[in-house]
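Given chain A, put chain B with the ligands in place with the hints provided.
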Amino acid sequence: MRLLAIDTATEACSAALLVDGAVSERHEVAPRRHGELILPMVQTLLAEAQLHAADLDGVVLGRGPGAFTGLRIGCGVVQGLAFAADLPVAPVSTLAALAQGGWRETGCERIAAAIDARMGEVYLAHFRVEAGLVVIEGEERVVAPDQVELPTDGWCGCGTGWAAADGAMATRNRDRLITVLPQALPRARDLLPLGEAQLKAGLGVVAEAALPVYVRNEVAWKKAT
Amino acid sequence: MRILAIETSCDETACAVYDPGVGLLAHALFSQIDLHAEYGGVVPELASRDHVRRLLPLVRKVLRESDTPRPDAVAYTAGPGLAGALLVGASTGQALAWGWGVPAVAVHHMEGHLLAPMLESPAPDYPFMALLVSGGHTQLVEVAAPGRYRLLGESLDDAAGEAFDKTAKLLGLGYPGGPAVAQLAQQGRDGVFRFPRPMTDRPGLDFSFSGLKTAVLHAVKSHADDAQTRADIALAFEQAVVETLAIKCRRALEQSGLRRLVVAGGVSANRRLREQLAQLDADLFYPRLEFCTDNAAMIAVAGALRLQAGERAGPQIAVRARWPLAEL
Ligand SMILES: Nc1ncnc2c1ncn2[C@@H]1O[C@H](COP(=O)(O)OP(=O)(O)OP(=O)(O)O)[C@@H](O)[C@H]1O
Ligand SMILES: [Mg+2]
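Here the protein sequences line up with chains A and B, keeping their order. For what it's worth, my numbering labels the leading residue of the first sequence as 25, then goes sequentially. For what it's worth, my numbering labels the leading residue of the second sequence as 1138, then goes sequentially.
What the hints contain is simulated information worked out from the structure, not anything from laboratory work. Computed from a predicted structure; not experimentally measured. There could be a bad hint or two in this list.
[To be verified] Pulled from the structure, derived: some chain B residues nowhere near chain A, Cβ distances all over 12 Å:
(1) G1160
(2) I1170
(3) L1195
(4) A1227
(5) E1257
(6) A1281
(7) A1282
(8) R1326
(9) P1340
(10) K1358
(11) D1362
(12) R1396
(13) R1411
(14) P1461
[Unchecked claim] Computed from the model, here is a short list of chain A residues facing chain B with C-beta under 8 Å:
(15) R56
(16) G59
(17) L63
(18) P64
(19) A77
(20) D79
(21) F92
(22) T93
(23) L105
(24) F107
(25) A109
(26) P112
(27) L227
(28) A231
(29) P236
(30) V243
Beta carbons: idealized from backbone N, C-alpha and C, even for Gly.
So that you can see chain A by itself, here it is in the shape it has in the complex:
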């Protein structure tokens, strides 16, 4: 399969290309510079592989949760590209990409992926590993870090949420963690295996159905009248 993957939902701006098993990636920690970087990254990856958009079999979107504006830039790019080249999209959780990276780096099969959501909260989800792919347990949620309790022993805490509020989650769950990667950010290369599995299972969607998942939905306050 030939797949392009993009994640712009965190401080990282990340794009990766899969061509028949070989992965190439552009990844930069560049807060607020996603608009400037993402299309040049994509263009470079395809040019290096001597491919055009139409040669792809699909696009993988890191569909959040994460920072709203960055997330929408990536979503717009994926939507536009998939529409123009008539490609299916595999929307994949940004937390799942983060967890997949945590497993790739540590081999730990219980990953609690957390992204700093600001305003005293983190985006959080728990994953196990099956046949080399992370699988979510329960739901993605946005919570205060000092309220998080891991259900069992043997976890890898992965992502900037583990550094939020002076590492409150790590302190509280000290006994249940094997290791913590508080600087880890989602990488597009880790979207690839998850997206590939989705597309092979026939779970790809049309461009206009590739939408962000914000998790935080309290964003407007009605005026007191």
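Just chain B with the ligands, lined up with the frame of chain A:
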């Protein structure tokens, strides 16, 4: 040459397909007014979220309606407007263009408003004077030739549309306020209230509408709160805005010696304004009513002009929330 145009600068998602040699081939718009109404104004994050949901279905619709498998260029609004909302159109527009292998071009929203009358016939010849009156802008612009603008005057505070919207709130009317105030004013009695015509007693072409809002507030507070009084206030307010705009337009035409006046932006839909401007010694050009407010047809026209001038956007995706027309 077929241009796909995308507009997402505020609270309308809009798309159009336009061929400069043929005319407008298709256009579609989704208004978010209902989404924001309960908040009394546009909530930027909600606007951005809705643009992401609405944009591609509208793109698909206009391409199908105009029988366009692949356009020859993509024009999108890059500013001024809400940064997050603009980014939806910019990122999608640029990726579409790149995926199709066609050029993308960034359009100035107010240049779009200004050129909207070019979609009508007769369209104005150059040079002309333009009055831009919208929710965020009140400007008099001298247009010497395509793309050559000189700002002669603008509002130092509230825009005319903003004044309508704020007055609507003071009168207990919904959002957006312009049409509601205009409708209420029809029941108003002439001469019951009289508000100042700000900055008309001194030379110059600048505007100021925030004082008018204070005068309205004072009138609302110091008189009985009944339907007739509110209608009287609405009428006096509308008369004050319209007469002020007309006085400055006359002045701008006299100073420049121009005989053509283009009027665009949401407030140009106002009937009383049109009646008053009809008395000027000039040929008047308006967009059709649906193209007075935000739309993508006007973005296509401005995009065609910019493409012709050789402009191209990308691969960096950038927008400008603030972008003075004079910098074009
Ligand atoms: N009939 C009318 N009379 C007066 N004002 C009107 C009328 N119809 C619409 N408006 C006003 O026009 C404005 C909307 O116009 P438009 O959509 O062009 O502005 P905008 O896009 O919000 O602002 P901008 O283009 O400056 O960013 C609103 O302020 C609205 O109240
Ligand atoms: Mg407008």
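These are the hints, each one checked on the structure:
no., hint, verdict
1, G1160, "holds, 25 Å"
2, I1170, "holds, 15 Å"
3, L1195, "violated, 10 Å"
4, A1227, "violated, 7 Å"
5, E1257, "holds, 31 Å"
6, A1281, "holds, 34 Å"
7, A1282, "holds, 32 Å"
8, R1326, "holds, 30 Å"
9, P1340, "holds, 41 Å"
10, K1358, "holds, 18 Å"
11, D1362, "holds, 16 Å"
12, R1396, "holds, 44 Å"
13, R1411, "holds, 33 Å"
14, P1461, "holds, 21 Å"
15, R56, "violated, 11 Å"
16, G59, "holds, 4 Å"
17, L63, "holds, 4 Å"
18, P64, "holds, 5 Å"
19, A77, "holds, 5 Å"
20, D79, "violated, 12 Å"
21, F92, "holds, 7 Å"
22, T93, "holds, 5 Å"
23, L105, "holds, 5 Å"
24, F107, "holds, 6 Å"
25, A109, "holds, 5 Å"
26, P112, "violated, 14 Å"
27, L227, "violated, 19 Å"
28, A231, "holds, 6 Å"
29, P236, "holds, 6 Å"
30, V243, "holds, 4 Å"
Going through the hint list in order, the structure does not satisfy hints 3, 4, 15, 20, 26 and 27.
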